[in-house]
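Just so you know, we're using numbering that gives the first Met the number 0 here: the sequence shown kicks off at 0 and counts up by one.
I should point out that these hints are in silico values taken from the structure, not numbers from a laboratory.
The beta carbon of each residue, even a glycine, is placed where N, CA and C say it ideally should be.
Mixed in with the good hints there might be a few duds.
The calculated lysine to aspartate or glutamate pairs, modelled on EDC-like cross-linking and capped at a C-alpha distance of 20 angstroms, are [what the hints assert, rightly or not]: (1) K110 - E137; (2) K25 - D154; (3) K110 - E68; (4) K110 - D129; (5) K111 - E68; (6) K110 - E135; (7) K25 - D118; (8) K111 - D126; (9) K6 - E141; (10) K111 - E135; (11) K6 - D151.
If you anchor each label on the Cβ, the simulated ranges turn out as follows [stated by the list, open to error]: (12) R21 - V55: 17 to 25 angstroms; (13) K25 - E91: 35 to 43 angstroms; (14) M45 - L22: 42 to 50 angstroms; (15) P103 - T159: 39 to 47 angstroms; (16) Q178 - N145: 23 to 31 angstroms; (17) E91 - G47: 14 to 22 angstroms; (18) T38 - S83: 19 to 27 angstroms; (19) Q92 - R15: 34 to 42 angstroms.
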Amino acid sequence: MIGACVKNLELKAELRDPNLARLICKQLKASRVGVIRQTDTYFNVMRGRLKRRESVVVERGVGSPEPIEYIFYERPDRIGARVSDYHIYTQEQVRERFGEQPLPVWLEVVKKRELYLYDSTRIHIDDVHDLGWYFEYEIILEERPNMEKVNDLADRLRATFLPALGEPIASSYADLIAQANGLRADRAEEA
Numbered sequence: 000m001i002g003a004c005v006k007n008l009e010l011k012a013e014l015r016d017p018n019l020a021r022l023i024c025k026q027l028k029a030s031r032v033g034v035i036r037q038t039d040t041y042f043n044v045m046r047g048r049l050k051r052r053e054s055v056v057v058e059r060g061v062g063s064p065e066p067i068e069y070i071f072y073e074r075p076d077r078i079g080a081r082v083s084d085y086h087i088y089t090q091e092q093v094r095e096r097f098g099e100q101p102l103p104v105w106l107e108v109v110k111k112r113e114l115y116l117y118d119s120t121r122i123h124i125d126d127v128h129d130l131g132w133y134f135e136y137e138i139i140l141e142e143r144p145n146m147e148k149v150n151d152l153a154d155r156l157r158a159t160f161l162p163a164l165g166e167p168i169a170s171s172y173a174d175l176i177a178q179a180n181g182l183r184a185d186r187a188e189e190a
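Using the sequences provided together with the hints, build the complete structure.
In structure tokens:
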């Protein structure tokens, strides 16, 4: 099976105080994974979003490249916690799924991500080039999740980090960059 579907519950918001968010992660005893420089190249596709992610783990000035991933995802553009369905592909799997021809590039997002792990949650403190600071959490959903527990965890995390956060964000970083640069957010129409 090509790129099995995974689901998570995610929330994204402006981050007004990165240092406070780091302190909250420490108080939660979230495990700090490290700092990752990521370049996400978004492609024009008919539905959903497809990006090629190039990551370099950066610690004490030394970079360690990670394997390139292609991530296809679909999720509603709405404020608040929302379920995202995503698939992670290799380059070979992307060619099999989307065809042999090179996909048209829509735009690129460059960010420095501080990654923390807490329970079944990835916590991101992101410094996005040309956009600023953002906070995101992704609660990984099991095959048959207990949504009451998942929603309780989501509510607790949102309340805990609230003093560090700004406005909630409904769209992707790519959509925010497109909007800031006067590009159309509908990727398929740009193809």
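Each hint tested on the structure:
no.: 1; hint: K110 - E137; in the structure: 17 angstroms, holds
no.: 2; hint: K25 - D154; in the structure: 19 angstroms, holds
no.: 3; hint: K110 - E68; in the structure: 16 angstroms, holds
no.: 4; hint: K110 - D129; in the structure: 9 angstroms, holds
no.: 5; hint: K111 - E68; in the structure: 17 angstroms, holds
no.: 6; hint: K110 - E135; in the structure: 13 angstroms, holds
no.: 7; hint: K25 - D118; in the structure: 14 angstroms, holds
no.: 8; hint: K111 - D126; in the structure: 5 angstroms, holds
no.: 9; hint: K6 - E141; in the structure: 8 angstroms, holds
no.: 10; hint: K111 - E135; in the structure: 13 angstroms, holds
no.: 11; hint: K6 - D151; in the structure: 17 angstroms, holds
no.: 12; hint: R21 - V55: 17 to 25 angstroms; in the structure: 21 angstroms, holds
no.: 13; hint: K25 - E91: 35 to 43 angstroms; in the structure: 40 angstroms, holds
no.: 14; hint: M45 - L22: 42 to 50 angstroms; in the structure: 43 angstroms, holds
no.: 15; hint: P103 - T159: 39 to 47 angstroms; in the structure: 41 angstroms, holds
no.: 16; hint: Q178 - N145: 23 to 31 angstroms; in the structure: 36 angstroms, violated
no.: 17; hint: E91 - G47: 14 to 22 angstroms; in the structure: 20 angstroms, holds
no.: 18; hint: T38 - S83: 19 to 27 angstroms; in the structure: 20 angstroms, holds
no.: 19; hint: Q92 - R15: 34 to 42 angstroms; in the structure: 39 angstroms, holds
When each numbered hint is compared with the structure, a violation occurs for hint 16 only.
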